[in-house]
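Chemist: What follows is each chain in one-letter form.
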Amino acid sequence: MHTHRTFAFGFLLTLLACSTGLLAAGGPQAPLRPPAPTLTRPASSATAPDASGFLRRWLVLEPIRTTGPLTDSAVRAAVTADYFPDQLTTIPHDGDTVRAGDTGLTWHALDTTHYNVNLYHFAYALNRPTSNVLFWAVTVVNAPRELSGVRLAIGSNAASVWWVNGEEVIGLYNDRQTVIDDGVSNRLTLKRGPNVIRAAIINAGGATDFCARLLDADDRPITAITVELPAGRR
Amino acid sequence: MTFRLTVVIALLLAASLLALDGQPGVHDPSTIVVDHGKYYVFGTGVGLPVSMSDDGWTWRRVGSLMSAVPGGRPGPDVIARGGNNTWAPDVVHVGGKYFVYYAAPGTQPKAAIGLLVGRTLDPASPDYTWVDAGPVVWSDGEEDCNAIDPGVLRDPTDGRLWLTYGSYFGYIRLVELDPDTGKRLYPARQPLNVAINGEASVMIYRDGWYYLLVTHGSCCAGANSSYNIRMGRSRKVTGPFLDNMGVDMLQGGGKLFLGSGGRFIGPGHFGLLDLGDGVQKFSCHYEADLDRGGISVLDIRPLFWRDGWPVAGENFTEGTYEIESARTGTALELAVEGVPVGGPRGRGGRGGPGQAPVPPPPPIPEQTAVQVSARWPAGVVAVRLSPYMVQAQQKWRVTRVASGGGYPGSPYFKITIDGTDRALTATATGELAAVPAFTGAPEQLWRIDQLADGTYRVMPRVVPDTTVPLALSAVGSSKPTLARFRPDGDRERWLFRQP
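Here the protein sequences line up with chains A and B, keeping their order.
Following the working numbering, the numbering of the first sequence begins with 80 at its first residue and continues without gaps.
Following the working numbering, the numbering of the second sequence begins with 5 at its first residue and continues without gaps.
No wet-lab data here; the hints were simulated from the structure.
These numbers come from a predicted model, not from an experiment.
Keep in mind that the hints are not guaranteed to be accurate.
As the list claims (entries may be wrong) - Among the chain A residues that face chain B by a calculated CB cut under 8 Å, a handful are:
| hint | residue |
| --- | --- |
| 1 | Gly147 |
| 2 | Ser152 |
| 3 | Arg230 |
| 4 | Asp254 |
| 5 | Val258 |
| 6 | Asp261 |
| 7 | Gly262 |
| 8 | Val263 |
| 9 | Asn265 |
| 10 | Arg266 |
To be verified - A short list of chain A residues far from chain B (calculated; beta carbon distances all over 12 Å):
| hint | residue |
| --- | --- |
| 11 | Thr150 |
| 12 | Thr159 |
| 13 | Tyr199 |
| 14 | Arg255 |
| 15 | Leu294 |
Every residue, glycine too, gets a C-beta built ideally from N, C-alpha and C.
Just chain A, same shape as in the assembly:
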């Protein structure tokens, strides 16, 4: 059953990509690719983190081409460039499209079957580039009450910058692999209700993915929250 749904999701993605001309980068003759093996389309309105606290539901924008090294200054320049309107404030819906330069890009709601979100699987399945690219990712965490002393803890391949409720909280630079809790924010407060977590992940070459969870004041994973994305437009 799971396999069928994954396949169906990948097929739908491919159809959608074809219908919106998103395979232009690979050319009209680009072969159909199998669906991302670790990613599915959300089947429920809300979900909980897994037992280790990993947030497994995200909206991910198709990759934007970048150039340059992954040094602190180059990454900062890359993530502060203007790609599309309201890129640091938007809470997209599944199926929303933006234009970055001459390229139309679509936001995809994704559930990962693993602790991490495999961006290589994501982009490859869409016949999109996986090297020298920037991915935007957004999720919304609902806190049952105000939670203080919380830390966002992430890992990313490669460099990444993260925001919580509009405030930049983590910057990881240089070529690196995803390590659980590699980058950790200062202590912060989640407000009761929705809290927006946003990330920009830049990959130079090879595999690319990220993982994220929230830790409590004793560095234990927070699981008593939900992740709920805006309703999709398709």
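Start from chain A and add chain B according to the hints.
Modeler: The following block gives chain B in isolation, referenced to the frame of chain A:
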């Protein structure tokens, strides 16, 4: 000019080696005890002199124990069994009472060990008084024992109380004490012989082993004293105590714990100072501190453990270090963009078939802050953890701060990026940063304690807006922070490596 410069350098070096500060002159120190946040130690001398410290680093003399004893001297029964001298006390806190055991020798080996009982160590307290409880053990001058140098163990496994004593004339002996009275629990029983060839015995316990630490060699001859601390261990409190080669301490065995070294000659009279959270230190005296004209002084040093044996650590020394998280293996650094040592360059020619070997380029010099800091931001800069790449923003200079106070065994340190004045500081949010210049503020003063496994705990003297003691912690591979010290893991454990 050269001579004067040499003298200055020598004085600076000497200053960095001093054992404790203030008035550390003590001979035959007791175990150091902490009462209401103050540190106390008692020693040999008229009336059993008392030394006190507010922080464990700076010490001062505050009178004598006997001045608070009715009569001001050992009781008549003690003097009758031994003599009128007052030497080498030890102290233990049991059931709300302090028991002080002290040697009262006459013409050795005729000697006695007397007991004083009190409820507080604070001379300013209205409850401050010591009651003479008479002799506990003694040697008659004929038997193979010299009843001096008491050492007390409160067994953490069952609460039983034990006393070892003795000096050279025969055996080190063991008797059990009554935790209610401090006197012998079974006075009719013959004391048990546990060691020879030493004095200043004391037992400690750890992980199923009882360790008997005894001072060998000769004392009381300044820099000509051969005092050294040796040890054996046993699964039972009653022995036999064997050294690392299996030799019984009753037959002269004893693994060396600490001998002379550096500017200190003749360590003796071990005492355990357990500060909790896995931080253990030991006290001793040196027969001669060469930097204080050869007088006998107290010292406090880290105690750690290796292969089931205690190891005498060194108090932290100034230097330039990589500060590495034991949890993550990543190094503390100023959060600035690093520059490869020597600048970007390839790995060099590899030659090929028929080609002459390519000569290597010249060595690359060490990277310094002067070379690469022009692009570092001014003002307060974040700190983070990164793989150590031998770069300037990863090398920290750790320097003693003379006027910043201290902690048991050491003054506080400042921690700055080598070649700059950018100083590590605790912030009001319980995080870390580097300020552009060291100001001496207490949140810029750091306590560095070696832990039982040889790693270090690093704590700011204060964290703004909180009284909770916090330690440098690695909450993730790249994130240093401040957190409550948790001895059950590596999060707050750090390594200081040569850069």
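Chemist: Find the hints from earlier in the document that the structure breaks and name them by number, from lowest to highest.
Modeler: Of the numbered hints given earlier, those the structure breaks are 1, 4, 11, 14 and 15, listed in rising order.
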